[in-house]
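Numbering-wise, the sequence shown is residues 1 to 446 according to the working numbering.
Quick caveat, the hints were computed from the structure, so don't treat them as lab data.
Accuracy of the hints is not assured; some may be wrong.
[As the list claims (entries may be wrong)] Computed spacing ranges between beta-carbons, pair by pair: (1) R271 / P168: 41 to 51 Å; (2) R271 / D398: 21 to 31 Å; (3) Q165 / P304: 45 to 55 Å; (4) D368 / R226: 31 to 41 Å; (5) D368 / E78: 33 to 43 Å; (6) R291 / D368: 29 to 39 Å; (7) D104 / A240: 20 to 30 Å; (8) D368 / T217: 23 to 33 Å; (9) D260 / T402: 29 to 39 Å.
Ideal Cβ positions, reconstructed from N, Cα and C, are used throughout, including at glycine.
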Amino acid sequence: MQIKRNYNEPFFRERLLRKRKRQMAWRRNLIFLLLVLLGGALLIATQPGLVMQATYKILGIEATPTPLPSTLATQAQEYFYQGDLQKAKELLARAVEQRPDNIDYLYEYGMILLDLDESDAALAVAEQISEVDSNDVRGYALRARSLVWLDQAAAAVPVARAGLQINPNFAPLYEVLSWAYTATSDWQQGVDYGQLAVEADPGNVRAYWAYSNAMATVGETGEAMRLLEEAIRVHPYYLAPYFQLASLYLAVSRDQEAIDLYNRIIGLEPRNSRAMLRLCQAYLKVGEFQRALGMCQDAVDNDPGDIRNQFQLAMLLYDNLDFQGALDAFEACYELDQSLLGCHYRMALSYYYVAREAVQVCQTNPTDPLCETVYLTQGCQMAWDTLEDSLIMAQAQDSDQTDIDNIRAGLDAVIRDPYCTGVNGNLPFVSTPTPEAVATEEAPST
C-alpha cells in the first residue's frame, strides 16, 4: 500500500529546509570559487609583475625585475649624460627589443650607435623607423647621419633635404646637413647649416660639434675651438668635442693644452684607449719618448684588438731599436689586418734584425733565451720570404714608391749579410737599413 507523506509536518519540513540550505551553500561556494578564479585571471592579465613578485615571495625566490621600456630609456638618457655610451646603448637595445615599434626609442638608440661608430647598425635602425612610419622625420635624420658616417655624404644630402620637406624645423637635420655639405666641399652651406643647428637647439652638444667641424674646415680655427669649448660646457661627458679640440690644439702648437685635454678624457674614462693613443702621439710630438711609449703600451693593453694601437706601439719600439718588442707588436698588427703593408714589411725587417741579434748574442752567450727561438736558424729565411710577399703586395696595391724602395733595401740587406748565410748566397755585407730609413709610413689615421 502507498504511504502518503505530508511534507507540511514539522519532521519533513525541517529535513527539507536543511536539504535546501545545503544546496544553497554549495551554490554559494561554487559562485565564490568562480569569482576567485575570474579575479585571479583578471589580476594576472592586468598585473603580471605583481603576481610574479607575490609568487616569488611565497616560494622564497629572489625576483629579477624586468623594467618597463620607458624606464630603460630614461636610464639610458642618464647614462648618456654621464658619458657611459656603452651602458646607454645596452639599455636602449633592451627598450627597443620590448617595443620595436617605438620611434622615440629607435631614434635615440640609432644616435648612440653612431656615437659608438656602429654606422651600419645605425643605418639598419633608420630603416626600421621608416618601416614603422615612413613620414617620421627622425628616420630621415638618422639615415642621413648614418650615410655621412659611412663616408657617403653626397647620398646623405637628398635624404636630409627630404626630411626638411616633412619638418623644416627639425634641428638634427641642420646638423647632419652641415656635416654632409662640409664633407662634399660645399663649405658655405656647411657653415650655414652648422650655425642653424646651434641656433635651433643651443643645448645640443652634437650641433656645436658639427658647426665647429665646418668652421675648422674653412680655416676658422679660433672660432672652431670656441665652439668646441662651448660643446664641452654643454655636455662635459660627451667625448667627441674633446678629441677634436685637442687635435686643433696640436695643429696650432698648443701642445700642452692638448696633452692636458687627453689626460682629462682619461680621467673621465680611464680605459679609453683612443685617448691613450692620441696622448702617446702628443708626447711623441713634444719629444717625451718614454711617456709616449708607456701610453702606447697602455693603449694596447686596454684594447689589443685595435690595429692603430698595435701599429703605433710597434713603430715606437722599432724606432727605439727594440726589435724583439717591435716584432711582437707587428705580428699582432698583421694578425688583425693582413693587408696592411706597413705592418707586413716591417714585421719582415724585424725578423731580420732579431735574427742578426740572435746570431751575435748566441756566439757569446748560448744560454740566452733568444738562442732557443726559431730566429737563430730561420730568422733570415723568414725575413726574406716575408719581404718577397710584401713586395708582391706593394705592387698589387699600387703602393707608395717609398715603401717599395724600403722593401727592396731590406731584401738587399738580407742577401748581403754574412749573418744570413744560406738565404740567397753570402755576399759581402753592405749596410743594414736603419729604422729611421724604413719607418716612413705614418700610423693609420684615427
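Does the Cβ-Cβ separation between D368 and T217 fall within 23 to 33 Å?
The hint (23 to 33 Å, Cβ to Cβ) is violated, given that D368 and T217 are roughly 54 Å apart.
Assuming the hint says 41 to 51 Å, is it satisfied by the Cβ distance from R271 to P168 or not?
Given about 42 Å between the Cβ atoms, the range holds.
Distance restraint hint 31 to 41 Å, applied to the beta-carbon atoms of D368 and R226:
violated, 58 Å
Assuming the hint says 29 to 39 Å, is it satisfied by the Cβ distance from D260 to T402 or not?
Roughly 35 Å apart at Cβ, these two residues keep to the hinted range, so it holds.
Does the Cβ pair R291, D368 satisfy 29 to 39 Å?
The hint (29 to 39 Å, Cβ to Cβ) holds, given that R291 and D368 are roughly 30 Å apart.
Distance restraint evaluation - D104, A240, Cβ atoms, bounds 20 to 30 Å:
holds, 23 Å
Taking 45 to 55 Å as the stated bounds, is the beta-carbon spacing between Q165 and P304 within them?
Given range 45 to 55 Å: holds, Cβ gap about 47 Å.
Starting from the hint 33 to 43 Å, judge whether the C-beta atoms of D368 and E78 obey it.
Violated, at about 57 Å.
Does the Cβ-Cβ separation between R271 and D398 fall within 21 to 31 Å?
violated, 38 Å
Checked against the numbered hints above, the structure violates hints 2, 4, 5, 8; every other hint is satisfied.
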